[in-house]
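Trainee: If you want the building blocks of each chain, they are given just below.
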Amino acid sequence: MSKSILVTRPDHDLITKYFYIWSQEIVDLAKSKNIEVYDLKGKKSNEKEFISYMSIHCPSIVFLNGHGSANIFTGYDNQPIIDSDSILKDAIIYARSCEVGQNLGFKLIKNGAKTFIGYKRKFFCGYTPEKITKPLEDNIAGLFLKPSNLVVSTLLKNNNAEEAHNRSRGQMYKNFRRMVSSTATFEEWRTHFRWVFYLFI
Amino acid sequence: MNDKKENSIEDIILDPELSEQLKNLVLERVSIMPDTLRMSVGSDELTKNDVLKHVKEGDDIGNQIMEMELGFLRDLASGAVYSYE
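Quick mapping for you: the protein sequence lines, in order, are chains Z and Y.
Take the first sequence: its position 163, counting from 1, is numbered 163 in the working numbering, and each next residue is one higher.
In the working numbering, each residue carries its 1-based index in the second sequence increased by 1000.
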C-alpha cells in the first residue's frame, strides 16, 4: 500500500466550512510531499464517492471531517457515509467529528483498519463571529483546529499514530499555557478556552 | 496521612449534591466569559447563554462542559497543566 490520503471535507454548514478551509493546509502538505491526495470536498463527500475511492485506491491515511455520532459518520448534508459495517482496510483513520470514538472507531478497527484516532465526546470548536467569512484568520478557531490538524500532518511526516496523538495534545498544552500568560490576546485571556485543553485528552 | 480518596469525575456528575455544586461553579465561571463567546458543538452554534442553558439543564452537552471544567480545575490545582512537556 503506497502512501496516500483520502480527505472528506463537506462544507454545508458553519463548522464543516471551517473544517473545509482549515483542512486545505493538510491537502497542500500532502501534495508537497508527493503523497497522492483523494480530496472528497463539498458535495463529493458522499457515500458513493467514498466507497469508490476507498475500494479502488486503498488510501493509507483517511482524514474524516464532518458530523458524527457513536455509530455513524456523515458527509455532505449530514448523509451517512461510514457505519459499523464499513471497511477501511489497513488505513490509519483520523476522524474530526463528534463521538465516533465511542463505538464506530472500534468497529472500523475490527473490520480491518490499522488505527483509529477520534473523539468519544462531542467536538467543541470555538470561533469568532466576525471571522466566519475568513476562517483562516479566526485565531480562536485556530486554537482548536491547529492542534487537530497536527494529528494528520504528523502522520504525513511518517510518524506513527501514537506520536500524532501526543504531538496534538502537546500543542494543546502549549496553547493553553500561552492563553493564561501575558502573551495572550485579551479575548484569549478572558475566555481561556480551557475546554480546548480538555477536548483532546 | 491523608486518606481522602479523590472522587472520579463521573462520580461527581452522578452524585446529586456534588453535581449541583459543580453546576453552580461552572455557571459562575461561564458567566464571566465574554458575551461574544461562540462555540460550535456538532451541528449547533452556541452562544454564552446557550452554554449556560445546557449546563442548567444538565443535558449531554451541559455534562460534558462540567466534566471539562472539573478536569481543568483539578489539573490546575495539582500543577499537571504546567508539567506536561
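These are calculated hints, taken from the structure and not from any lab test.
All C-beta atoms, glycine included, are put in the ideal place defined by N, C-alpha and C.
The reader is advised that the hints may include incorrect statements.
Computed cross-link-like contacts, DSSO-like style, restricted to lysine-lysine with a CA-CA straight-line distance of at most 27 Å [what the hints assert, rightly or not]:
hint, chain 1, residue 1, chain 2, residue 2
1, Z, K41, Z, K131
2, Z, K131, Y, K1023
3, Y, K1023, Z, K134
Sample of chain Y residues with no beta-carbon within 10 Å of chain Z, all distances over it, derived [said to hold, decoys possible]:
hint, residue
4, G1042
5, E1045
6, K1056
7, A1077
Trainee: None of the hints should be skipped; say for each whether it holds.
Mentor: Checked hints:
1. K41(Z) x K131(Z): It holds: about 22 Å lies between the C-alpha atoms, which stays within 27 Å.
2. K131(Z) x K1023(Y): violated (31 Å)
3. K1023(Y) x K134(Z): Between K1023(Y) and K134(Z) the Cα gap is close to 35 Å, so the pair fails against 27 Å, i.e. violated.
4. G1042: violated (5 Å)
5. E1045: violated (6 Å)
6. K1056: Correct as stated: the minimum Cβ-Cβ distance to chain Z is 17 Å, above 10 Å.
7. A1077: holds (13 Å)
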